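Undergrad: Listed below are the residues making up each chain.
Number of protein chains: 2
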Amino acid sequence: MYFPEPLALRSGASIRAYDLSYETYGQLNADKSNAVLICHALNASHHVAGVYLDETGQIRDKSEGWWDTMIGPAKPVDTNQFFVIGVNNLGSCFGSTGPMQINPDTGEVYGANFPVVTVQDWVHAQARLLDALGIETLAAVMGGSLGGMQALSWTLQYPERVRHAVVVASAPNLTAENIAFNEVARRAIVTDPDFHGGHFYRHGVLPKRGLRIARMIGHITYLSDDVMNEKFGRQRRTSAPGEASAPENSAAPDAASPGNDIGRAGNSAAPYKYSTQDVEFQIESYLRYQGDKFAEYFDANTYLLITRALDYFDPAAESSGDLSRALAQAKAKFLLVSFTTDWRFSPLRSREIVKALLDNQRDVSYAEIDAPHGHDAFLLDDARYMGVVRSYFQSKVAA
Amino acid sequence: MYFPEPLALRSGASIRAYDLSYETYGQLNADKSNAVLICHALNASHHVAGVYLDETGQIRDKSEGWWDTMIGPAKPVDTNQFFVIGVNNLGSCFGSTGPMQINPDTGEVYGANFPVVTVQDWVHAQARLLDALGIETLAAVMGGSLGGMQALSWTLQYPERVRHAVVVASAPNLTAENIAFNEVARRAIVTDPDFHGGHFYRHGVLPKRGLRIARMIGHITYLSDDVMNEKFGRQRRTSAPGEASAPENSAAPDAASPGNDIGRAGNSAAPYKYSTQDVEFQIESYLRYQGDKFAEYFDANTYLLITRALDYFDPAAESSGDLSRALAQAKAKFLLVSFTTDWRFSPLRSREIVKALLDNQRDVSYAEIDAPHGHDAFLLDDARYMGVVRSYFQSKVAA
Numbered sequence: 000m001y002f003p004e005p006l007a008l009r010s011g012a013s014i015r016a017y018d019l020s021y022e023t024y025g026q027l028n029a030d031k032s033n034a035v036l037i038c039h040a041l042n043a044s045h046h047v048a049g050v051y052l053d054e055t056g057q058i059r060d061k062s063e064g065w066w067d068t069m070i071g072p073a074k075p076v077d078t079n080q081f082f083v084i085g086v087n088n089l090g091s092c093f094g095s096t097g098p099m100q101i102n103p104d105t106g107e108v109y110g111a112n113f114p115v116v117t118v119q120d121w122v123h124a125q126a127r128l129l130d131a132l133g134i135e136t137l138a139a140v141m142g143g144s145l146g147g148m149q150a151l152s153w154t155l156q157y158p159e160r161v162r163h164a165v166v167v168a169s170a171p172n173l174t175a176e177n178i179a180f181n182e183v184a185r186r187a188i189v190t191d192p193d194f195h196g197g198h199f200y201r202h203g204v205l206p207k208r209g210l211r212i213a214r215m216i217g218h219i220t221y222l223s224d225d226v227m228n229e230k231f232g233r234q235r236r237t238s239a240p241g242e243a244s245a246p247e248n249s250a251a252p253d254a255a256s257p258g259n260d261i262g263r264a265g266n267s268a269a270p271y272k273y274s275t276q277d278v279e280f281q282i283e284s285y286l287r288y289q290g291d292k293f294a295e296y297f298d299a300n301t302y303l304l305i306t307r308a309l310d311y312f313d314p315a316a317e318s319s320g321d322l323s324r325a326l327a328q329a330k331a332k333f334l335l336v337s338f339t340t341d342w343r344f345s346p347l348r349s350r351e352i353v354k355a356l357l358d359n360q361r362d363v364s365y366a367e368i369d370a371p372h373g374h375d376a377f378l379l380d381d382a383r384y385m386g387v388v389r390s391y392f393q394s395k396v397a398a
Numbered sequence: 000m001y002f003p004e005p006l007a008l009r010s011g012a013s014i015r016a017y018d019l020s021y022e023t024y025g026q027l028n029a030d031k032s033n034a035v036l037i038c039h040a041l042n043a044s045h046h047v048a049g050v051y052l053d054e055t056g057q058i059r060d061k062s063e064g065w066w067d068t069m070i071g072p073a074k075p076v077d078t079n080q081f082f083v084i085g086v087n088n089l090g091s092c093f094g095s096t097g098p099m100q101i102n103p104d105t106g107e108v109y110g111a112n113f114p115v116v117t118v119q120d121w122v123h124a125q126a127r128l129l130d131a132l133g134i135e136t137l138a139a140v141m142g143g144s145l146g147g148m149q150a151l152s153w154t155l156q157y158p159e160r161v162r163h164a165v166v167v168a169s170a171p172n173l174t175a176e177n178i179a180f181n182e183v184a185r186r187a188i189v190t191d192p193d194f195h196g197g198h199f200y201r202h203g204v205l206p207k208r209g210l211r212i213a214r215m216i217g218h219i220t221y222l223s224d225d226v227m228n229e230k231f232g233r234q235r236r237t238s239a240p241g242e243a244s245a246p247e248n249s250a251a252p253d254a255a256s257p258g259n260d261i262g263r264a265g266n267s268a269a270p271y272k273y274s275t276q277d278v279e280f281q282i283e284s285y286l287r288y289q290g291d292k293f294a295e296y297f298d299a300n301t302y303l304l305i306t307r308a309l310d311y312f313d314p315a316a317e318s319s320g321d322l323s324r325a326l327a328q329a330k331a332k333f334l335l336v337s338f339t340t341d342w343r344f345s346p347l348r349s350r351e352i353v354k355a356l357l358d359n360q361r362d363v364s365y366a367e368i369d370a371p372h373g374h375d376a377f378l379l380d381d382a383r384y385m386g387v388v389r390s391y392f393q394s395k396v397a398a
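Chains as they are written, first to last, in numbering that gives the first Met the number 0: chain E, 0 to 398; chain U, 0 to 398.
Looking at chain E on its own, in the form it has when it is part of the complex:
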């Protein structure tokens, strides 16, 4: 959808006009009361659920939406009941206006000149999309990780327009360690000689070295130490160089799906190559493969913008750091979900939100799911997690 009106950004800059890519699933009911907005995290898109067909009408391989386990007919967010909207955020690289598009003011690709966007700006743009769709009030806004931050921000920016907020594996802001990981990833990208100050498009190159490193770091932080040990441990990789033993791509673009993505372990008794650059361990092969794959499709400027939006998000900052005071504006009912082994956005961070909401006598449900998969768990098909969301939508959102 094209938006001809300028969007004023939190930074003071503005975007003169822009497109938002979106998909919808299910039917909007007569009183337009069954809309559920899904907000995406770092590297996902508006393609939340379902599959794409090719020209012959066959299902395109690996075309499942990134939250297809969660959203669809008879799924926890049931598209037979709800009208679900997935939207690609401004600054991303899956169709909405971002650094790879032409700046109408200059006729050139934005590149590094794309303005810095924040969670609040995204929510603002999402609200305009709802306006255009004629939807005044959301039955629910829902997201995981950075998507959860957007859901939380919705309840503060548009308290009258949100009945329920489902905030999964998220946090009220980033810790120093979170910012640190983002910063290392950004430095890897901007110091790649092919980055050219963010104007690499002009040079016909991509800063793939930096993107690979960024993605490898990301993957380590998406998984738990336990699941890495269980899936990879010190397993060796013994296939000959060049042999196609890279693990299969996961359908979920947002983060690793260890259950699908992990190749067979090599024979752990094979002799070492005694090399600093060859792959010796399965975990190395996995990370390199994930890095290579990511560098092929993800825009470097988008990576910088989205990690910065994560860094900046901090709704309590305007209330002198008092999250309870900040969340007093929210009127929605809430479901918070966290995962025990998530060390990127640990349960403690979700509990901070729960506590701040309870301080304001808000209606809050909270589930802490004992899952081994780390931050990635929010994208995986865990029965207890799915059960909690299903039950919340049936008993509260649909009520």
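Keep in mind the hints are simulated off the structure, nothing from the lab.
This one's a predicted model, so the numbers in the text were calculated from it and none came from an experiment.
All residues carry an ideal CB built from backbone N, CA and C; glycine is no exception.
Heads up, a few of these hints could be off.
Over 12 Å on every C-beta distance to chain U, these chain E residues come out as not near it, computed from the model [stated by the list, open to error]:
{"#": "1", "residue": "TYR1"}
{"#": "2", "residue": "SER20"}
{"#": "3", "residue": "ASP53"}
{"#": "4", "residue": "ASP67"}
{"#": "5", "residue": "LYS332"}
{"#": "6", "residue": "VAL353"}
Below 27 Å or equal to it, Euclidean Cα-Cα: the simulated DSS-like pairs (lysine-lysine) are [what the hints assert, rightly or not]:
{"#": "7", "chain 1": "E", "residue 1": "LYS292", "chain 2": "U", "residue 2": "LYS207"}
{"#": "8", "chain 1": "U", "residue 1": "LYS292", "chain 2": "E", "residue 2": "LYS207"}
{"#": "9", "chain 1": "E", "residue 1": "LYS207", "chain 2": "U", "residue 2": "LYS207"}
Assemble chain U onto chain E, guided by the hints.
TA: Showing chain U alone in chain E's frame:
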């Protein structure tokens, strides 16, 4: 000390001749029974304790040895009683033969052709140094992190030559996550265009971009989430660009010393710059500074070699993964120390060693120190930690 005899390496390669840089502190007693060998970790050296003087006889600024809190006259490892030896490992870049030196076989700098060395090879070379010094038996061998792995390996390779082993903040092998962080750091280095396949010396350049990223990743893993939040949190950096507000160098080369290294926090109410590349947060400034500093002095090939030695270390592998069986060879008495917030080498890993030693009825003391500093704690001056080591040396090693 120059060693003209070839050293056969575990990889099958050998080093024809080599130098080892070492320092000693205190006096070797008449029966040569008071020697304590200190093994270093990733980026430290033989300069374990004491200070250097400049030409005018003044103490050179920041010249304290990396474990000067631990070792010296009247310190926990008391050099009035013990003859302490610090040695720089083969492949390192502080004077011992390594990738920056000339290969006598070719007359060229080793660079990437320096053979891969292992913990066992280092211990073998250290044993030869002791031979040359006329020391048959060590009162103790001691190290933290990778240094602890060397101490453990001493008790297996030369069980008759070690009376005590002090293994601090260490592990019986690396986890998948540990290997993963090493691999990302290595990929950052080898994909830096200035790496030139490890032969960058010939090109008159250094792969500083890669080294910076490697060091930033390292620093994140040396600290705990808690101490990062306490020291940095979301504090802002507000000094103008170019202003000399970088934090001061730490005396300890082995890892960050947060107590000394952290600059003053900016005013957290200052407006954001809304930039993806400028520093906004204090933690970013700290990491960039640490990365820049490291890239100035540390050799990239050494970084690859030493992280690979960490990956390979796994004494249980030769006993089908049975650590108890592997440690049956050890005859030394042990002190193990770990730190509660160390997520790089967690207390669980030290307890695995303790359990395997107890399975063999070995004499083991174990202290789990409740310290907030993460892996870095092993280099810091914590009273309980220092007390444990002092007491062990007085009551057991000196006995």
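Undergrad: Among all the numbered hints in the text so far, which are the ones the structure does not match?
TA: Of the numbered hints given earlier, the structure breaks none, since each of them holds.
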